[in-house]
Every structure is written in structure tokens, then in C-alpha cells.
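Note that the protein sequences, when read in sequence, are chains A and L. Residues in the first sequence are numbered consecutively from 1, following UniProt numbering. Residues in the second sequence are numbered consecutively from 1, following UniProt numbering.
Any given hint could turn out to be false.
The list cannot tell twin chains apart, which means a pair is met if one copy fits it or any two copies do.
[What the hints assert, rightly or not] Derived pair list, reagent style BS3-like, types lysine-lysine, alpha-carbon separation capped at 25 angstroms: (1) K195 with K173; (2) K53 with K195; (3) K179 with K126; (4) K126 with K77; (5) K53 with K25; (6) K173 with K126; (7) K25 with K79; (8) K126 with K37; (9) K105 with K115; (10) K37 with K53; (11) K25 with K126; (12) K43 with K190; (13) K195 with K115; (14) K43 with K25; (15) K115 with K53; (16) K190 with K179; (17) K173 with K77.
If you're looking for bench data, these hints aren't it; they were derived computationally from the structure.
There are 2 protein chains.
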Amino acid sequence: MKTVKEGEVRRREILVAARELFVSKGYEQTSVNDILKVVDIAKGTFYYYFSSKEEVLEAIILDIVEEGARRAENVLKDKSVPLVNRIMMAIMAQTPEFEGSDEIKEEMHKVENTKLERLYLRAMLKRMTPVLEEPVLEGIERDMFHMEYPTECIESILLLGHMMFDCDVFEWKMEDYPKKIKAFLCNVEKMLGTKEGELNVLMNMFGQ
Amino acid sequence: MKTVKEGEVRRREILVAARELFVSKGYEQTSVNDILKVVDIAKGTFYYYFSSKEEVLEAIILDIVEEGARRAENVLKDKSVPLVNRIMMAIMAQTPEFEGSDEIKEEMHKVENTKLERLYLRAMLKRMTPVLEEPVLEGIERDMFHMEYPTECIESILLLGHMMFDCDVFEWKMEDYPKKIKAFLCNVEKMLGTKEGELNVLMNMFGQ
Numbered sequence: 001m002k003t004v005k006e007g008e009v010r011r012r013e014i015l016v017a018a019r020e021l022f023v024s025k026g027y028e029q030t031s032v033n034d035i036l037k038v039v040d041i042a043k044g045t046f047y048y049y050f051s052s053k054e055e056v057l058e059a060i061i062l063d064i065v066e067e068g069a070r071r072a073e074n075v076l077k078d079k080s081v082p083l084v085n086r087i088m089m090a091i092m093a094q095t096p097e098f099e100g101s102d103e104i105k106e107e108m109h110k111v112e113n114t115k116l117e118r119l120y121l122r123a124m125l126k127r128m129t130p131v132l133e134e135p136v137l138e139g140i141e142r143d144m145f146h147m148e149y150p151t152e153c154i155e156s157i158l159l160l161g162h163m164m165f166d167c168d169v170f171e172w173k174m175e176d177y178p179k180k181i182k183a184f185l186c187n188v189e190k191m192l193g194t195k196e197g198e199l200n201v202l203m204n205m206f207g208q
Numbered sequence: 001m002k003t004v005k006e007g008e009v010r011r012r013e014i015l016v017a018a019r020e021l022f023v024s025k026g027y028e029q030t031s032v033n034d035i036l037k038v039v040d041i042a043k044g045t046f047y048y049y050f051s052s053k054e055e056v057l058e059a060i061i062l063d064i065v066e067e068g069a070r071r072a073e074n075v076l077k078d079k080s081v082p083l084v085n086r087i088m089m090a091i092m093a094q095t096p097e098f099e100g101s102d103e104i105k106e107e108m109h110k111v112e113n114t115k116l117e118r119l120y121l122r123a124m125l126k127r128m129t130p131v132l133e134e135p136v137l138e139g140i141e142r143d144m145f146h147m148e149y150p151t152e153c154i155e156s157i158l159l160l161g162h163m164m165f166d167c168d169v170f171e172w173k174m175e176d177y178p179k180k181i182k183a184f185l186c187n188v189e190k191m192l193g194t195k196e197g198e199l200n201v202l203m204n205m206f207g208q
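Kindly generate the complete structure, drawing on both the sequences and the hints.
Encoded structure:
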């Protein structure tokens, strides 16, 4: 048991060091050797946990998904916020800001790396759908939401939000965003089957 | 004027030959030389039109988008089909079957090539949104659809359909599909603001 735990600790040390290096030096500019130096381990130890630098980046991306899901879970705990707003705020809180780590974000969004983007998206959808199921089912029970397919509705909202606002798939101009966000919230209201205007508080945040 | 036209004809010859080769031999197994032989041109002529084999593949993907959009436009012409069904059938008709060209589809869906998938998606969204705007605006005018943001509604429907059913982003099992398709059609009804059950004809196509 002890060894397993130590192994997990070691793996985490590598991830933390690599993440810091990717952020400060850039992903391309960081070598496996740089990581070894910071963690103070032998090459063999590194390759026991990861087969390549790219695999480290993939593990970091899964960490980012996990961190986002936990932020979302925290937001959902605050029962003082009306349910539907809480759900949308949880989705927003989930979005990785890549705290200061533009390097990782950039790496993920590079054309060569849409593979990593896809990895992020799949992991995020899997992790976040159950997180949102609880509040959505609560909304249905309280007669605030009306839908036949709650899971699929959540999947669609997460997917649309990600593709439109994190992935820039439409290449909208900055000035388009207020309208696009409102349209998105309007579609969310419809899919959840809320009263019209239930998301007005959020919509107003994005001006006229 | 004549030269421009001849250039376009030559470019098209290269595309047709390359597409046939990619389909019959596979993309990886096809070299620029193979293409030169079929079209019977010099290397310099090829590189006048394309900078690489990959650029040819990109041009083929744009062709696939164009062909899909034309199929959709044709479907929309058949006024005997009720409007909302016609719109959904146009979206389905647009989906590339890659007529026999599993090779191109495979190439596009390879993890290394999510870049091509993104290229396809962006081009498809740009090309198809205006195609669907006309019938959707007609539906609004005829009081069949009710929505505040028609363009964004079309964008969302196209994006969801593509990501869920062409891209396999959720990695659903075969047996999940009937439910997922119904849930999708149900969300489409809500976003378009049709009468409930307006898409029942289509839904019934996907069994119970």
C-alpha cells in the first residue's frame, strides 16, 4: 500500500513541476531533462510514470478537467443562488482559465494539437455531465425545468458552450459576443424548459 | 480570361485524380508522384497549384463541404415536404457520406488530423448557415417557428448535429443512438420553437 501511495506522490511531483515549467518556459522549450532536474529524479523514474513529454501534457489536461469540475461542484453548493443561474455559473466556473498558464492553453489550441483539445472535450463532457445532473433533476422535481431527456440536454449545453466560447469554432468577432452569449442563454432556457426570462439576470450581465 | 479558366480546369483535374487515389490506395500510400502520373503533369505544375499533398486533402475537404451544401439546397427545393422536416432532411443530406471514400473520412478522423476535422467543421458551418437561414426565416414568417435568434439557432443545430453524430465526441454505443437522436430532435424542436411533436415523423424513423 505504501508503495502505491508513494508512486502517486511521485507522479504528482512530476506533474506539478512539468506544469510550472510549461507555464514559465513554454511547452516546446521544456525538455524531459528540465523536468528531471526540478523533481530531482533519474530518467528511468520519469519513464516509469510517463512515456513522453506529451503524455505529461495529457495528464495535466485531465487535471485541468478535474479542477474545473471541482470548481463547478463548489458553485453548485451555494443554495442562495437561484437554481438555473447556479447551473450556468457552475458551467462558467468549470471553464479552465488555465490560471496564468496561457502556455498550456496555447499548446492545446494549436492546430497540430486539436488532438489535445479533443482529449479535453471528451474528458470534460464525461466528468461534468453527472455533476450537472443532480441540480437539473432537482429543477425538474421542483417543476422549474421541463424536459424529456435531461442527460442529453446537459450534454448539449456543455458541448455548445465549449465549442462556441472556449474553442472559437465560429471565429466570431469580439463585438459579436454579447449577442452570441444571449442567444446561447436563450437556447439553454428553451432546452431546459424554464420560464422565459429565467436567465435574464445572466443575460443582463452581457449588456444590451 | 482563358488562362484563368484553364488554370481552374487543371486544378480540378489534380483534385479529381488525387481524390480517386486517396480513396483507392489510401492517403498515406499516395505520393505526389502518383498524382503527377495520373494527371500527366510535371512536378512544377503540381506545386504551382498546391504546396503539398496535405493542401490537396484540404481542398478535397472543402469540395466535400460544397457538395454537401448543394445536396442540402436540393432537398430544400422540394416544397412537398413539410418545412421543418425539410430542414432536418437537408441537414442529414449535407452530412458527407464520403461516397465510398472511407479513406478520406478515416484520414480526417485520425487523432493527428483533428486539424482537418476542424477545417471541415468551420467551412461547413460557414457554408450551411446561410443555406438554412432562408427556410428558417420562412418558418418564422409562417408562424411555425418562434425564436429570437435565428442565425444562432441554426449555428447551434448544425454544431450539435456534427459533433454528436459525425464526430462521435461522446463515444456513444450503438444502442444509445435511437435515444440520442430523439433527444437531439426534441432539442431542435425547442430551439426552433415549433409545436411540440412537429418532428415526430422523423423521430418515428428512429424506432421506439
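Results for each hint:
1. Taking the shortest Cα distances, K195 and K173 never come within 25 angstroms of each other, neither inside one copy (31 angstroms) nor across copies (34 angstroms).
2. For a Cα distance limit of 25 angstroms, the shortest separation of K53 from K195 qualifies neither inside one copy, at 49 angstroms, nor across copies, at 53 angstroms.
3. Taking the shortest Cα distances, K179 and K126 sit within 25 angstroms of each other only across copies (18 angstroms), while inside one copy they are farther apart (29 angstroms).
4. Taking the closest pair of Cα atoms, K126 and K77 come within 25 angstroms of each other only inside a single copy of the chain (20 angstroms); across copies the shortest separation is 40 angstroms, beyond that limit.
5. Proximity of K53 and K25 under a CA criterion of 25 angstroms is satisfied intra-copy only: 14 angstroms inside one chain copy versus 34 angstroms between copies.
6. In the homo-oligomer, the alpha carbons of K173 and K126 lie at most 25 angstroms apart only across protomers (14 angstroms), although the nearest pairing inside one protomer, at 30 angstroms, exceeds that limit.
7. Taking CA atoms no more than 25 angstroms apart as the test, K25 paired with K79 passes in neither setting, with 41 angstroms inside one copy and 60 angstroms between copies.
8. In this assembly of identical chains, K126 and K37 lie within 25 angstroms of each other by CA distance neither inside one copy nor across copies; the values are 35 angstroms within and 48 angstroms between.
9. In this assembly of identical chains, the alpha carbons of K105 and K115 lie at most 25 angstroms apart whether taken from the same copy (13 angstroms) or from different copies (16 angstroms).
10. Proximity of K37 and K53 under a CA criterion of 25 angstroms is satisfied intra-copy only: 14 angstroms inside one chain copy versus 41 angstroms between copies.
11. Neither within a single protomer nor between protomers do K25 and K126 lie at most 25 angstroms apart by alpha-carbon distance, with minima of 31 angstroms and 37 angstroms respectively.
12. Taking the closest pair of Cα atoms, K43 and K190 never come within 25 angstroms of each other, the shortest separation being 54 angstroms inside a single copy and 56 angstroms across copies.
13. Proximity of K195 to K115 under the C-alpha cut-off of 25 angstroms is found in neither arrangement, the shortest distances being 39 angstroms within a copy and 40 angstroms between copies.
14. Proximity of K43 and K25 under a CA criterion of 25 angstroms is satisfied intra-copy only: 20 angstroms inside one chain copy versus 42 angstroms between copies.
15. Taking CA atoms no more than 25 angstroms apart as the test, K115 paired with K53 passes in both settings, with 15 angstroms inside one copy and 21 angstroms between copies.
16. In the homo-oligomer, the alpha carbons of K190 and K179 lie at most 25 angstroms apart both inside one protomer (17 angstroms) and across protomers (19 angstroms), since each shortest distance falls under that limit.
17. Proximity of K173 to K77 under the C-alpha cut-off of 25 angstroms is found in neither arrangement, the shortest distances being 35 angstroms within a copy and 33 angstroms between copies.
In this structure, the hints that do not hold are numbers 1, 2, 7, 8, 11, 12, 13 and 17, in rising order.
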